[in-house]
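Here is what each chain is made of, one letter per residue.
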Amino acid sequence: MNAIPKLQQSDFPLLFELGAPGLSALNLSPCDVPRADRAKAMPRELLAEAPPPLPEVGELDLVRHYTRLAHRCFSIDENFYPLGSCTMKYNPRINERVAAMPGFAGLHPHQDESDVQGLLELLYRLRCDLAEISGLAEVTLQPAAGAHGEMTGLMIINAYHRSRGQRRSKVLAPDSAHGTNPATCAVCGQQALTVKSRKDGRIDLDDLRTKMDDDVAALMITNPNTVGVFDAQIADVAEILHEKGAQLYLDGANMNAILGITRPGDFGVDVMHFNTHKTFSTPHGGGGPGAGPVAVAEHLRPFLPVPQVVRRADGSFGWDADRPKSIGKVRSFFGQIGVLVRAYVYIRSNGCDGLRDISEKAVLNANYLAAKLRHRYRTPFPPPYAHEFIMMPEFPGSDVTDLDVAKRLIDHGIHPPTMSFPIAHCLMIEPSETESKATLDRFVAAMLDIADEVERDPQIVRDAPHTMPVKRMDEVGAARKPVVRWRAGG
Amino acid sequence: MRYTQLTDEHVKDMLGAIGVRTIEDLFSTIPTGLRLKRDLAIPKGVSEPQMLADASALAARNADGTKLACFLGGGSYDHFIPGLVDALAMQSEFLTAYTPYQAEASQGTLQAFFEFQTMICQLTGMEVANASLYEGATAAAEAVIIALNATGRSRVLVADNVHPDTRRVLTTYGEHRGFEVSTLPCKDGVVHENGLPRLLSELRTSVRADSAVPDVAAVIVQSPNFYGCVERLDRIIPLIQSAGALAIVATDPLASGLLKSPGALGADIVVGEGQPLGVPMQYGGPYLGFMATREEHLRRMPGRLVGMTKDREGRRGFCLTLQTREQHIKRERATSNICTNQGLLAMRAAVYMATLGKRGVAEVASQCFDKAHYAAERIASVPGFRLKFAAPFFKEFVVQCDKDVSKVLSACREKGMLAGTALNRLDPQSPAAADLKNCFLTAVTEKRTKDEIDALVDALRTA
Ligand SMILES: Cc1ncc(COP(=O)(O)O)c(C=O)c1O
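Chains A and B supply the protein sequences, listed in that same order.
Residues 1 to 490 (the working numbering) are what the first sequence spells out, left to right.
Residues 1 to 463 (the working numbering) are what the second sequence spells out, left to right.
These are calculated hints, taken from the structure and not from any lab test.
In this text, a Cβ means the ideal position worked out from N, Cα and C, and glycines have one as well.
Misleading hints may appear alongside valid ones.
Restraint ranges, calculated between C-beta atoms of paired labels, are given here [unchecked claim]:
id: 1; chain 1: B; residue 1: T22; chain 2: A; residue 2: R209; range: 33 to 41 Å
id: 2; chain 1: A; residue 1: V310; chain 2: B; residue 2: T22; range: 40 to 48 Å
id: 3; chain 1: B; residue 1: T171; chain 2: A; residue 2: R167; range: 16 to 24 Å
id: 4; chain 1: A; residue 1: R68; chain 2: B; residue 2: D404; range: 55 to 63 Å
Chain A extracted, bound-state conformation (with noise of 0.2 Å):
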């Protein structure tokens, strides 16, 4: 390819081609103690001759950069979202707003508990209300985002098994299963094994039985799983991996459709995570931060996570290290707590009523999109759905991809499902419960209507999308070629 033109890289620029030398927006008041002798105080060697290279721009130049660039993202604040296992949902401002309350955005990890007892109760109520949710005797709110919270999960379950005299090496999970679920296990040192799902997008309960032996530390499972069906033998699987001494792992990913409907400790399960930024509508921020707490069953409570907030005989809060069996910490300090605040607002703005309205209203809205569309896209699972589904872009005689068509619905202000997971060139449709009918009714509008161009002028699909200050990226030049940083002079 050709260079780049050079109008239109100054279109929009970079960072690093915005001010001049000198510049900065940093307005500090004059240090008013004396300068300390740095000769004196520091070997030559480990001074640094000038200061790092960061860019040097004035305050405005800054404010309308990141103003332009916010301009040029896809949001919840702005568009439908449905993206399929991702739960985009609306993030509620009250949430925002008390997390930024100085009295949690303030405070120093290394604080007494005495300073902090405001906290420490909220994080307990949260750690309980999440345990009534899964089912589950107790949650730790350490991990960092579901893939940490399923690593931490993996780990307790190995320390069980060691406790209990048995190192074992492999970990099951169906074909359908989530990339963090299978990397979990190298993460752990396992070996990931598939399990078959059967054409109903069900679990494979023969292909289960024969993958089964004393080497299996566990099955990872997700229900209502990736297809979006709620596996109804979710009892029988339980069964099948506690005769051999295995335990149930729940990927929670999927809690928004079956909050106080039905609860992973009731069919079973042993271990879960929650993906806050998912279930309980803590801001995504264009890829995190997530938290991924995590709820186990009694005999599992001695090998969580330290430290776990407590609530003390004197009816004061702290945080307990004293569990010699723990697996220990799995990051630093306590978890994301500014993520765990939103949270709790959630749910106790919410409430157990409006919880369970979560759900319900999340099913009924993916179902209605599933009923509007299935005359002109193939959805092969039956129904009814859970808060996502499948469905299939399929166009006989045509070479319009699924890629196509959600690069398409772009163009309508529409962010597109998630493309080929779980199974090859499928769309995965997750509305959420906070859409409106009339939005629901744009996107069906939208779907029809694709399918109808890719009949009358399929070049607008296939090149689409029209209305974004890019086209489509040459990702494969990307990838061979790697430029991650700017460097001066290109």
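Chain A is fixed; fit chain B with the ligand onto it per the hints.
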């Protein structure tokens, strides 16, 4: 209900379109025996004013930085956060976007993360950086995994003055992933340089020293270390590398405003806690881990990487790249299991670094250095108080007192000052704990004023 928008009329229409009678019918796949037949034992939902009142009451029972002068450090610092950071990074489009999988509809976050990666390289002196990890300790664990894969060896040496949480997390990861964590002892607050070569040669796969192969994949040092001391990276890094191990350096990103960056001193992988870069203390999280390394390890990196590329019409643009390293493609052969990272915190850090710029980062580092040295000198002049270590420091140092440290710290607390962290309490298992009796760690950022420092000194004097 609270955040749903369907009227009874809507629900009726929608059920009709689906062809079922009730919402209940949509849950028919869940066996009745597995259903919850009562309400969750969580109070009913509350109104916005009620929720705010409840949350405010909880917040009021915490003593935050608006009420106290914070001299606490140890991985979380009360730096000044310019107003631009909240105004720009927390814009709703950044706040409520997902991971930028769809490049065309995510150029804003993608470019901002590309710029973040670049600025992390500029601060650390390294060639490439990723778009963030969870926090400092897990970033160190991920760096170890790079080193294990790069060297084919199975052990890491961790200096015992590395942040205690980082050491704990490494132990947890090591036990499960199957790598051994050994301790590199320290002397007088810094890595015991003379002991290092011997240790590196002793740690071999076999007991017979003549036939054994070296087994240390990486040595992790932190500079400034947990006690605030600046390590002689210029001498330590070559020692590590001469044993064929990778030098992983954990650092405070703001230290490079004054000190040579770990990259300039030859580090292989630089990781750290990004909290000093415009992230509120928030009782320990969410923060962001950063990781930077040399080009040769790029394909071993964990997590998201943003690359610069062109669109179909030749326009400059950005996309997630080298995704074949990641879990959604490679599954059990991925470089890490990380998926969601700390995007919004990377955004904050980007705005912070851009706000400071080259001059600003030097100014912040310089003020931290001057104020910390002023504080240290004044505290050391109080009878019964002395600096524990003679090693050079940046913004943090250890004080030892003759009196009972917890009494001294509570006396300061009563006067509205968080004077420091008692070290024996924080890391009681450490071999260093006995030596750290009545020691506390004090940090002084650019945000502390001379008056606050003088008040701290007075409080210590009368404690
Ligand atoms: C089914 C499923 N499991 C696990 C994860 C991983 O969660 P996280 O991104 O919070 O690490 C996700 C989300 O990306 C998911 O959809």
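To see whether the hints hold, each was checked on the structure:
no.	hint	result
1	T22/B / R209/A: 33 to 41 Å	holds (36 Å)
2	V310/A / T22/B: 40 to 48 Å	holds (42 Å)
3	T171/B / R167/A: 16 to 24 Å	holds (18 Å)
4	R68/A / D404/B: 55 to 63 Å	holds (57 Å)
Of the numbered hints stated above, none is contradicted by the structure.
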